[in-house]
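Colleague: Chain by chain, the residues run as shown.
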Amino acid sequence: MNNGDIAVTSPRTAPAAIPAKRLLYWSVRRELWENRFLYLVPLIVSAIVLFASFIHLFGFPRRMQNALTLDPARQHAVIVGPFSMAPAPIMFATFLVGLFYCLDALYGERRDRSILFWKSLPVSDRTTVLSKVTVPLVVLPLFAFALALVTQRFMMLQATAVLVANGMSAAPLWKEFRFFQESLVMLYGLVVHALWYAPIYGWLLLVSAWAKRAPLLWALVPPMLISAFERGAFGTRSFMRMLQYRVTGAMQEAFLFTPRRDSHPPLIDQLSQLDPARFLTRPGLWVGLAFAVVCLVAAVRLRRNREPI
Amino acid sequence: MACIEARGLRKTYGKTVALDGVDLRVEEGRILGLIGPNGAGKTTALNAILGLTPYEGHLRVLGHDPWTLRGELMRDVSFIADVAVLPRWLRVHQALDYMTGVHPRFDRAKAEGFLAKTDIPPKSKVRELSKGMVAQLHLSLVMAIDAKLLVLDEPTLGLDILYRKQFYDSLLNDYFDGSRTIVVTTHQVEEIEDVLTDVAFIDRGRIVLEFGMEGFESRYAQLMVHPDRVAEARALGPIHERQVMGRSILLFDGADRQRLAGLGDVRAPGIADLFVAVMGSRVSQPEGAPR
Numbered sequence: 003m004n005n006g007d008i009a010v011t012s013p014r015t016a017p018a019a020i021p022a023k024r025l026l027y028w029s030v031r032r033e034l035w036e037n038r039f040l041y042l043v044p045l046i047v048s049a050i051v052l053f054a055s056f057i058h059l060f061g062f063p064r065r066m067q068n069a070l071t072l073d074p075a076r077q078h079a080v081i082v083g084p085f086s087m088a089p090a091p092i093m094f095a096t097f098l099v100g101l102f103y104c105l106d107a108l109y110g111e112r113r114d115r116s117i118l119f120w121k122s123l124p125v126s127d128r129t130t131v132l133s134k135v136t137v138p139l140v141v142l143p144l145f146a147f148a149l150a151l152v153t154q155r156f157m158m159l160q161a162t163a164v165l166v167a168n169g170m171s172a173a174p175l176w177k178e179f180r181f182f183q184e185s186l187v188m189l190y191g192l193v194v195h196a197l198w199y200a201p202i203y204g205w206l207l208l209v210s211a212w213a214k215r216a217p218l219l220w221a222l223v224p225p226m227l228i229s230a231f232e233r234g235a236f237g238t239r240s241f242m243r244m245l246q247y248r249v250t251g252a253m254q255e256a257f258l259f260t261p262r263r264d265s266h267p268p269l270i271d272q273l274s275q276l277d278p279a280r281f282l283t284r285p286g287l288w289v290g291l292a293f294a295v296v297c298l299v300a301a302v303r304l305r306r307n308r309e310p311i
Numbered sequence: 172m173a174c175i176e177a178r179g180l181r182k183t184y185g186k187t188v189a190l191d192g193v194d195l196r197v198e199e200g201r202i203l204g205l206i207g208p209n210g211a212g213k214t215t216a217l218n219a220i221l222g223l224t225p226y227e228g229h230l231r232v233l234g235h236d237p238w239t240l241r242g243e244l245m246r247d248v249s250f251i252a253d254v255a256v257l258p259r260w261l262r263v264h265q266a267l268d269y270m271t272g273v274h275p276r277f278d279r280a281k282a283e284g285f286l287a288k289t290d291i292p293p294k295s296k297v298r299e300l301s302k303g304m305v306a307q308l309h310l311s312l313v314m315a316i317d318a319k320l321l322v323l324d325e326p327t328l329g330l331d332i333l334y335r336k337q338f339y340d341s342l343l344n345d346y347f348d349g350s351r352t353i354v355v356t357t358h359q360v361e362e363i364e365d366v367l368t369d370v371a372f373i374d375r376g377r378i379v380l381e382f383g384m385e386g387f388e389s390r391y392a393q394l395m396v397h398p399d400r401v402a403e404a405r406a407l408g409p410i411h412e413r414q415v416m417g418r419s420i421l422l423f424d425g426a427d428r429q430r431l432a433g434l435g436d437v438r439a440p441g442i443a444d445l446f447v448a449v450m451g452s453r454v455s456q457p458e459g460a461p462r
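Here the protein sequences line up with chains D and L, keeping their order. The opening position of the first sequence corresponds to residue 3 in this note's numbering, with each subsequent residue numbered one higher. The opening position of the second sequence corresponds to residue 172 in this note's numbering, with each subsequent residue numbered one higher.
Bound-form chain D, shown alone (with noise of 0.2 Å):
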């Protein structure tokens, strides 16, 4: 074959590839179009933060007013913390549609045989399997930074107008609560984490692209099995910590603080203590991306191969 039988097949003039750049975007806005709860759940999620913290309110003159006898660290905690906090649902709410939106990407296709119109497309498997992790390490997150965000800023307003209509002034609480170095906190919470859970991601892509049937099943069940082996073989339970690690593991990775004596997760709200230099140089983080790219990579292959079920 000779690159003159090609040209003599091509008297149409052949219209530029479509940039890798765009096929990308193209393949994210569909999986948004089909998994509306990506942004749904969040949504929700954020309203019953709004509900809640508008519930809260209704004490919120009298605990304003007792804050501002206390020592200025503790001052700060009490006045901040709820709206510090508020974010961390909205992101956990994130994570988990992620979870369920990748156990179902790789396999909601193969069984409602649309795959067979995507792949008639010149979409190739690769860039589908990574327009598909893109959404939970790059589209989730920023939804949710988004959201946060805004949420953060109604919580701020409500409380601000709570405060004047019980002739208090809001100043304190504007003065505690510092928009800026939350919000970069709050990305840098984003960002490590999204990387932190990459092979949790990945090995459900995996599971999605490879299982004929009950996903689920298969994404739990050979973890569970090595972690028994084990138990059984060497009385050991390192494989189950360090999954474990993998789920609870980021924030002790990537932040500096010191755990509270009472049971309330401890405040992170100041730039001293990201720690990205030791999050970077751990190798948890460097063998979890080197799994989810094998997991990834093993993807693209079998979505090539497998067939509709």
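It cannot be assumed that every hint is accurate.
Taking lysine to aspartate or glutamate pairs in the EDC-like style, the calculated list, with each CA pair at most 16 Å apart, reads [claimed, not checked]:
{"id": "1", "chain 1": "L", "residue 1": "Lys186", "chain 2": "L", "residue 2": "Glu227"}
{"id": "2", "chain 1": "L", "residue 1": "Lys302", "chain 2": "D", "residue 2": "Asp114"}
{"id": "3", "chain 1": "L", "residue 1": "Lys296", "chain 2": "D", "residue 2": "Glu36"}
If you only want the chain D side, here are some residues facing chain L, beta carbon under 8 Å, derived [stated by the list, open to error]:
{"id": "4", "residue": "Ile20"}
{"id": "5", "residue": "Arg24"}
{"id": "6", "residue": "Leu25"}
{"id": "7", "residue": "Trp28"}
{"id": "8", "residue": "Trp35"}
{"id": "9", "residue": "Asp114"}
{"id": "10", "residue": "Arg115"}
{"id": "11", "residue": "Ser116"}
{"id": "12", "residue": "Lys121"}
{"id": "13", "residue": "Leu123"}
{"id": "14", "residue": "Pro124"}
{"id": "15", "residue": "Ser126"}
Please keep in mind that the hints were generated in silico from the structure rather than gathered at the bench. Virtual Cβ for every residue (Gly too), placed ideally from N, Cα, C.
Got chain D sorted already, so can you dock chain L onto it with the hints?
Modeller: Just chain L now, kept in the frame of chain D:
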């Protein structure tokens, strides 16, 4: 150069042989009907051509190996793999947006023109459409792609006769221009008979007969024999014989029409008649027996 060229194409699933050395050559500008019984290997052959499944042997589609270059190939090849593979959540306008976004040869205005001729509401979701409308939508999308090769695998399965007729009418009138190549498989041979330029019969993973429709009518003849001339007619070597209401109907390949006319009523057979003749004799033979 041929649009599709396959030599010794093989595909096995474990011990099951789906394609057992398919040789097939489809020139540009042809409309090939790939016809065979269930499990004959039609879909497997098309999947190999479309780069959906790996294979052994030699295969070139528009000069490319479809398995290694599927992404590139799909700019010039479009296909409808089955009825109802459009995702049920997709809205009509989303489908148009998406196709415009990812396909360099998709002409949105053309697709909208095709859709305007149907009763499909532009804002509806696929799940709200009837099966026939989904097929219309899919065809409208595919016909708006300026492809060199269109592959249709049972595109009208389960549709009622009006939709089936309309489907092939618009394919011929609005899409086929003599330079494109179309490969279609279907069970309803009679309906696409007039559309095809070439026919290939496939059975047990092999092409058992391949012919162009140009020569079909002069080559094959069907004879309804006078009851008292049956022995004489059989001596001419029919390729198939069947009984209809007590009379013998014989199918001849390349027999002299003048002589046949003296033995009974001569008619042009349909592809279906030939299909039954070829496949029927294969069924009665033990596998591997010479034909």
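Colleague: Each hint: holds or not?
Modeller: Status of each hint after checking the structure:
1. L:Lys186 <-> L:Glu227: Roughly 15 Å separates the two Cα atoms, so the pair holds.
2. L:Lys302 <-> D:Asp114: 15 Å, holds
3. L:Lys296 <-> D:Glu36: OK: L:Lys296 and D:Glu36 at ~11 Å, within 16 Å.
4. Ile20: Nearest chain L Cβ about 5 Å off; hint holds.
5. Arg24: 6 Å, holds
6. Leu25: 6 Å, holds
7. Trp28: 4 Å, holds
8. Trp35: 6 Å, holds
9. Asp114: 6 Å, holds
10. Arg115: The hint holds - D:Arg115 has a Cβ within 8 Å of chain L, the shortest such distance being about 5 Å.
11. Ser116: 4 Å, holds
12. Lys121: D:Lys121 check passes; min Cβ-Cβ to chain L is 6 Å, inside 8 Å.
13. Leu123: 6 Å, holds
14. Pro124: 4 Å, holds
15. Ser126: Holds, about 4 Å.
Consistency with the previously given hints is maintained throughout, with no hint failing.
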